[in-house]
Structure formats: C-alpha cells, structure tokens
Amino acid sequence: MSKEEKEKEQTSSEGKNGEDQQVILNELDENVKRYEEIFGKDSDLSVRYLQSDHCKMGILFIDSLVEKEILDQHVIRVLNNQLENTVNFDKFILSTNKIKELTKHEEVLEHLLQGFSIIFMDGQTTAFAAETSGGDRRPVTESSVETVVRGPREAFNESIMTNIGLIRRRVHTPKLQVYKKSIGKESKTSVAVLFIDGIAKEKVVKEVISRIDKINIDGILDSLYIEEIIEDPKRYSPFPTIFNSERPDRIAAGLLEGRIAIVVDGTPVALMVPATIGLFLTSNEDYYQRYDISSFMKILRGFTFVLSIILPGLYVALLTYHQEMIPTPLIIAITGQREGVPFGTAIEVALMEITFEILREAGIRLPKTIGAAISIVGGLVLGQAAVDAGLVAQGTVIVVALTAISSFTTPSYNIAITARLLRFVLLFLSSFLGAFGLIFGLLLILVHLNSIRSFGVPYLTPIVPFHKDDWRDLFIRVSWRDMKQRPEEISNENQNRMLKTRKNRPINRRN
Amino acid sequence: MEKIYITKIQALMLGITSITVTGHLLYISVIINHSGRDSWIALLLAIFPAILIGFTVALLSQRYQGYSLVEYCQLILGKALGKFVVILFLIYFLHEVSLSIRGFGEFYTSAVTLRTPISIFLIAILILAGYAVRCGLEVIARTNQTILIMLIPIGILASILTHKDKDYRNFLPILDNSMGPVLDGTLAITSLYSSIFVLSMIFPFVNSTKQLKRYSILTMIILIIMFIGPVTGVLAIYGEERATGLYFPTFLTLRDIQIGALQRLDILGILLWSLGSFAKVALFLYAIVLGTGQLFKLDDYKVLVVPIAALISIISIINSEDFIGIARFLNNYYPYYATFVGLILPLVLLIISQFRKPGGKREGRKKDV
Numbered sequence: 001m002s003k004e005e006k007e008k009e010q011t012s013s014e015g016k017n018g019e020d021q022q023v024i025l026n027e028l029d030e031n032v033k034r035y036e037e038i039f040g041k042d043s044d045l046s047v048r049y050l051q052s053d054h055c056k057m058g059i060l061f062i063d064s065l066v067e068k069e070i071l072d073q074h075v076i077r078v079l080n081n082q083l084e085n086t087v088n089f090d091k092f093i094l095s096t097n098k099i100k101e102l103t104k105h106e107e108v109l110e111h112l113l114q115g116f117s118i119i120f121m122d123g124q125t126t127a128f129a130a131e132t133s134g135g136d137r138r139p140v141t142e143s144s145v146e147t148v149v150r151g152p153r154e155a156f157n158e159s160i161m162t163n164i165g166l167i168r169r170r171v172h173t174p175k176l177q178v179y180k181k182s183i184g185k186e187s188k189t190s191v192a193v194l195f196i197d198g199i200a201k202e203k204v205v206k207e208v209i210s211r212i213d214k215i216n217i218d219g220i221l222d223s224l225y226i227e228e229i230i231e232d233p234k235r236y237s238p239f240p241t242i243f244n245s246e247r248p249d250r251i252a253a254g255l256l257e258g259r260i261a262i263v264v265d266g267t268p269v270a271l272m273v274p275a276t277i278g279l280f281l282t283s284n285e286d287y288y289q290r291y292d293i294s295s296f297m298k299i300l301r302g303f304t305f306v307l308s309i310i311l312p313g314l315y316v317a318l319l320t321y322h323q324e325m326i327p328t329p330l331i332i333a334i335t336g337q338r339e340g341v342p343f344g345t346a347i348e349v350a351l352m353e354i355t356f357e358i359l360r361e362a363g364i365r366l367p368k369t370i371g372a373a374i375s376i377v378g379g380l381v382l383g384q385a386a387v388d389a390g391l392v393a394q395g396t397v398i399v400v401a402l403t404a405i406s407s408f409t410t411p412s413y414n415i416a417i418t419a420r421l422l423r424f425v426l427l428f429l430s431s432f433l434g435a436f437g438l439i440f441g442l443l444l445i446l447v448h449l450n451s452i453r454s455f456g457v458p459y460l461t462p463i464v465p466f467h468k469d470d471w472r473d474l475f476i477r478v479s480w481r482d483m484k485q486r487p488e489e490i491s492n493e494n495q496n497r498m499l500k501t502r503k504n505r506p507i508n509r510r511n
Numbered sequence: 001m002e003k004i005y006i007t008k009i010q011a012l013m014l015g016i017t018s019i020t021v022t023g024h025l026l027y028i029s030v031i032i033n034h035s036g037r038d039s040w041i042a043l044l045l046a047i048f049p050a051i052l053i054g055f056t057v058a059l060l061s062q063r064y065q066g067y068s069l070v071e072y073c074q075l076i077l078g079k080a081l082g083k084f085v086v087i088l089f090l091i092y093f094l095h096e097v098s099l100s101i102r103g104f105g106e107f108y109t110s111a112v113t114l115r116t117p118i119s120i121f122l123i124a125i126l127i128l129a130g131y132a133v134r135c136g137l138e139v140i141a142r143t144n145q146t147i148l149i150m151l152i153p154i155g156i157l158a159s160i161l162t163h164k165d166k167d168y169r170n171f172l173p174i175l176d177n178s179m180g181p182v183l184d185g186t187l188a189i190t191s192l193y194s195s196i197f198v199l200s201m202i203f204p205f206v207n208s209t210k211q212l213k214r215y216s217i218l219t220m221i222i223l224i225i226m227f228i229g230p231v232t233g234v235l236a237i238y239g240e241e242r243a244t245g246l247y248f249p250t251f252l253t254l255r256d257i258q259i260g261a262l263q264r265l266d267i268l269g270i271l272l273w274s275l276g277s278f279a280k281v282a283l284f285l286y287a288i289v290l291g292t293g294q295l296f297k298l299d300d301y302k303v304l305v306v307p308i309a310a311l312i313s314i315i316s317i318i319n320s321e322d323f324i325g326i327a328r329f330l331n332n333y334y335p336y337y338a339t340f341v342g343l344i345l346p347l348v349l350l351i352i353s354q355f356r357k358p359g360g361k362r363e364g365r366k367k368d369v
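Protein chains in written order, with the UniProt record's numbering: chain V, 1 to 511; chain S, 1 to 369.
Calculated from the structure, these hints are not laboratory results.
Quick reminder that beta carbons are idealized off the backbone N, C-alpha and C, glycines included.
Do not rely on the hints blindly, as some may be mistaken.
Stretch-level coverage of chain S by chain V, calculated; a stretch enters the list once three of its residues show a Cβ under 8 Å from a Cβ in chain V [unchecked claim]: (1) 115-121; (2) 175-182; (3) 227-241; (4) 258-272; (5) 283-291.
If you want the footprint, here are the derived chain V segments under chain S, 3+ residues with CB under 8 Å [claimed, not checked]: (6) 268-275; (7) 459-468; (8) 483-497.
Taking beta-carbon pairs under 7 Å as the criterion, some of the chain S residues facing chain V (in silico) [said to hold, decoys possible]: (9) L90; (10) A124; (11) V139; (12) F278.
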C-alpha cells in the first residue's frame, strides 16, 4: 500500500479526526502486514488466524511476552467456540481479566509490548486487547543478600506486580496508595510509588512524585537509576540518602513509619525514602528477635560500623605517631613483628587493604564453584605468605581482617560501601597527621553528615535534631510494647502507632 | 533561600563549647597564676559577673529581636558611632579566635607532634571551620550538638579517672594571700566568659527568644560548673607551686590517666580539643563573616569565608613570636581588654538602649543566613 493510499484509508475510516493520528485499518491483512513490517518479518510477533464463513479475525501477540496457557484457554478457545454462532463479535465473551478496546495504532503497539494479545477483525476499525501477559519470571524466593534467622523469608522478584502484591499482602489497608507510572522513552519501565495515606507526609509524597515525574531517560534497568536521579541535589555525598531493600517486610515496616517506597519493574530492589542513618544500620531482624538481644546487636553493629571506618587509620596513627599510648609489652611485640618489614605502617596497611579489596571483588565475580578455592588461596596462602615473606606484619593482617569482618556486619550494603571508601580517606589523613588527621577526617565527615538531608529530613535524626522518643529505636530497641510513636521527622502528625495497651495481668495460679 | 533557625539550646550549646575549650586548654593556667590555690573561690565569685554577661547578651537580643549585634549597635548608637563600635567588636572576635587557634596549635606542636609546623594545624582547623560555615549556621549548631554529646561524657570520665591523684589538702590554707589575688582571678574568669557575647550574632536566628534570659543565665551557671573540675583538679594534683608554671595543665592531668595497661591517653586530649576548637572557630568565623557581611551590606557573606579564614591564620601567627608571649598577654592584658569589650561595652549599649525608643521587632529573618 502506498503512502497516499494509506492516508486515504485513514481519512475515510476516521473522518475528521486528525490526519497524523494513525488509526487501525479496515482490512485485517493490511493490519497484520503493518505490524509485521514494524517488528520485522521473522520476529517473535505471531499471528493466529481464525476464520468462519462470515467472520475472519487475527490474533496478534508477541510470543515472548505472553502466557501461552492464558492465550490458548481464554482467547483462542473462547473465540473459536463463538466463531460459528455470532456474527457480531462481543468483547465480553473473552475471559481474560482485562479487555480493552483500541482504535489507535500507537495504543496497539503499546499493548502488544506489554504482553497483550490484540484481536483484529476483518472490516472493523476497532481492535480488542486481551491481557495475556506473562512469561517466565523468577519465583518469589528467599533473599540471598538480606538473610535472617527469624522472620519472614520472602523477597521481591523482578515483577512489579508481584512486588506490590507482596507489600499489599502485609499492609491490608485501602490507605495504601499506589501511584504507577511508566518511565523511560524506550524501556517503558513501570515504576510505582507506594505510601500510606495519612501516615506519610504529604509534602514528601508530592516531592517524590514530582521528582519521579521529571525523569526523562531512555531506559531504567535497576532502581539505582532512579535513586541517583532523584537524590537530594545539593552536593556530592558518599553517604546514601535513599534506602533500598529487597524484603517486602522491610518495606512494609517503612511504610508504616511514614516512609515512601518506590518499586521498579525488573529489579527486586525497592527504594525507600526518607532514609536516616539509623535506618541503614538497622537489620530487619532487630524487630523479630527479642529486644534485649536486638539492642545488643544494634550497639555492636554501630560500634563495628565505626570500627570499619576508623580502624586502619587509628592503627597507623597509633603506630606511627602515638606509640606511647600502646601498652609497653604490646608495642615491643608489634615492633618485633615489624622487624624486617621494609615499608612504613601506612603503606603496609594500604597494601593489605587493597589486597583485600581485590579478593573481595574477585569473590563476587568468580563462578560459585571456584569461590571456595580462591578463598583458600587468597585468605590463607596470601595472608600467611605475606607475613612469612616479611611483606607485612602480623598486626597489620589482624587489623585488616578485623576491619573486613566489621564491615560485613553492616546490614545495609550501600552504607557498607561508604565505610569502605572513607576508610581509605582516613588512612591517608592519619598517615600524614596522626591522630589529628584522623580526627580531622572524622570531623569533616560529621559536618558533612549534618549538612545532608534525605527528602528534607536531616540525616542524623534523632541524634541531632534531638528527638528523645526516637532514641527508643536507635542504639537500642525497646520492647514493642513501648514503641508507641512513629519517628518524629518522618511521619506526619499522625504519630501514634499504638493506643494505650492493656497491661497483661499475670494469671494467678491459685484461681 | 529557606529560612533557617536554630533552637535556643543549640545556640547556647555553641557558647558552652567555645568557652569551655579555650578555657580548659589555655585559661586554667591563667586563673591559677592569678589566684593560686584559691582559684575555686575566684570561680565561685565569678558567678555574679557571669550571670551579668548572660543577662546582657540575652536582654539585648530580646530587645532587638531579629537584629544581630551589627545591626542593633547601629540602631542604638547611630550610624557612625555604631559602625565604629561594630568594628571594635569584630576585631575583638577576630583576635579572640586567633588567640584560641594559636593556643590550639601551640598545644599540638609543644605537646603532641613536636616537629610539625604550627601552620598545618591552623590551616586544618580553619578548613574544617570554613567548610562548616559554608554549610550554614544550622550545620554548625548541629555538629556542635553532636560534639557536645560526645565531649561531656569524655570530660566527666577524664575527671573521674584523674581522681586517684587528687589531694585536696593542696587547697589549704584558704585565703592565705587575702582577697586581692582572688579578685584578680575572678576578673580573669569574667574576661574569659565575656567572649560568649559572640552569641549576639546568632541569637537573631533562634526560633523563639522567649525565656532567653533564663536560659542564658543557666548556661553561665553550667559553664561555672564545668570549670570546677579542671580548676580544682589541676591544683589538687600538682599543688600550687607546680601548677602555676604549667602551660597546659589540664592536658598534663589527662596524660596521667592510667587504666590498667592503657596509659598516656593523649588521644583523648587531642579528641577533646580538636572537636572543641573546631566548634569555637566555626562559631567565631561565622560571626565575623556574617558581621562583616552585614556591616558592608553584602548579599552573600559566604565569599568572605576564605579571606577571613586566611586572615585569622595570619593574625594568629603574628600575635606573638612564641607561646610565652601569648601566655603573657593572656595573663597580663587579656583580663582587662576582654572584659572591657565583652562585658562593659555591651552593658553600655544596654544602658543607652534603655533610654532610646525600643527598636521594634522584626518578624523573623528572611535574609540569607
């Protein structure tokens, strides 16, 4: 069909409606031909024709995006049964869960790419789209990154609908609002903003939505794309200001505190804002284990997080500038070990730290089957050999190993990365200025931490600005009985999460 | 630009840190030099002038709500004279902060890292302070709050850990040299506390000035309490004769701490004074920069941060050739000079403002902070 004819066809079928709007054509074969041209002759676009004496129709679908069973059972079979009986085909006989009537060419394309099957009829300019999307996706499994001993196991998978469902299944309230949008000129990725109306701050919700609306990108393959685009714009910060998790219970807990979740199709990692430093240092298991042990773990984790930042720097500062602080027997032992080591302590530590980073990176990239072998080579052979060869002292190996182990206790991977980077900065500073350099670096970090905000919420709340009630869930966790309020800066005025609880009376055993 | 405010408590916390730090590091020896073993009496007597200082600062800021020192000076004294007095104040702030970072640098170079040039420490601390000032008052106040939460437990811990060496018989006999030296000591402490007048630059940004007087007087009393430990501690450990000659007596007492095998906890002192000095320098730098900006009606005061920080480092070096000169200045002239600028002048301002029409209230500040 030539161009002129095409235009003629359009104007004849649509009448006055704009010339540039491409509409569905009258002839079935022309329609099919048009889409085959668009997708290429031998693509995964499939056509199934149905024909009877008085009716001819074609079902277009993209093979890789549809659930075959649904298509067979609910579209093709139903239509086949009805084909003989009816002259005028009614869309309600289709038994798929969504049916749409399409008139425009653009709409057809869009729906095809979302996994809909499009039913064209000969001699009609409307087509029907039946929801048949599906195809293989990873099932909901246990998260391999965020593991727990006690508590729900489910983790998100790559399907946005499953993920929203997992959240909804935990928060059964109509107040849970979902704002869905597709982002990406080419990828058309679905992104959903979830929040609980009446708990989340409206101002923040609006801000999140407006920042997401502003995104103009060709494609989004992971939630990190969104994270980096919508982050607070002020300056560079090594600290993450947007939390992520792949556990629906974690996200649901955040929603109940008044946070806002962003779920992205195609990735199991959901985002959550506003995020404060306490959130990053909290594991979800803190809320599922008894509160005494949780408090202990929280304190321990805070300590190890600090340790994972400062330990190499502190070691270098002490050994290079402040030997007098180390107890005499220990300094003699350390000096004894270091005998024959040609490098300064700072270089030695830096060398080991970098070696460790290499090992760590290799550990991630390696195929799982070789991983064990490499850990032996890397950990034992390299460590032991380095000491024996007089490259590094044993003390340094201990310090680097302790730092490494400490950094793995941090529950949130993206703040552990921060610690990994800052460690080198502090190492550098303290190798120049000793303890003062270390403190200089820490002060710089502190000033920086005080200056950043996550969607308007100061990063260090509730330490500063001070909120007494929120300390119940910071370094310690009090019993759930006493967690009566939501975090102050995060939720709106609706602060109470628990009304007055009845006190449990002890059962008197004599009665 | 968003409206920035801090709370009363944050503002006063800034005052506490900035006074305590220089006080503990540099000024304990001055007090002891003046009043010897009766220093604690001098300290107790200083409650009265201290309260007067707190009262003056708070009342002036309450009377001219929303106006900083630079602005209300000109309202009280008129344009020309006001500007002259403002310049006097700004120079005082500049001098005060330069003395304090010089003291901090000298402390490092004479007690901790002997061969590092002093300018390294001056520049390092000014970089930090400059960074904080560029981040704004809110950040300074918050950082200080975090710091103070850490400092106070460390200070109390240090005071407890040094307790084993203390011998309170060193205070006897009381008032052996009559009241003269005690009053000298009181004047010295007053001059130290006078520098809290710098808060008049940040009180306009406090969210509510209700009960400001009560709070600031309470602050002064807290300050007195915070000085009891170091003043008596040093004397109780070293006795009058040895304590009078020491430059950094508090640091020396820290060095004597011994917990099991751990000894020479220099790093504790380094931590205390680095954090504190940072807060003090940041506060003063902010005050000077903002004051200069307001004096010359600049739109953006932040451009002044780097030049003024550079100026401070230069002044602190040319203050004196060595630390002995600084100590001598602190001993002999500082008490009169700082008391005059930090207490007498504000009092005069207060009295004059009593007879002038009240300056009116300004509804919050919308200027860039």
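Review point. Can you list which hints this structure breaks, lowest number first?
Key: Per hint list: 2, 3, 5, 6, 8 and 9 violated.
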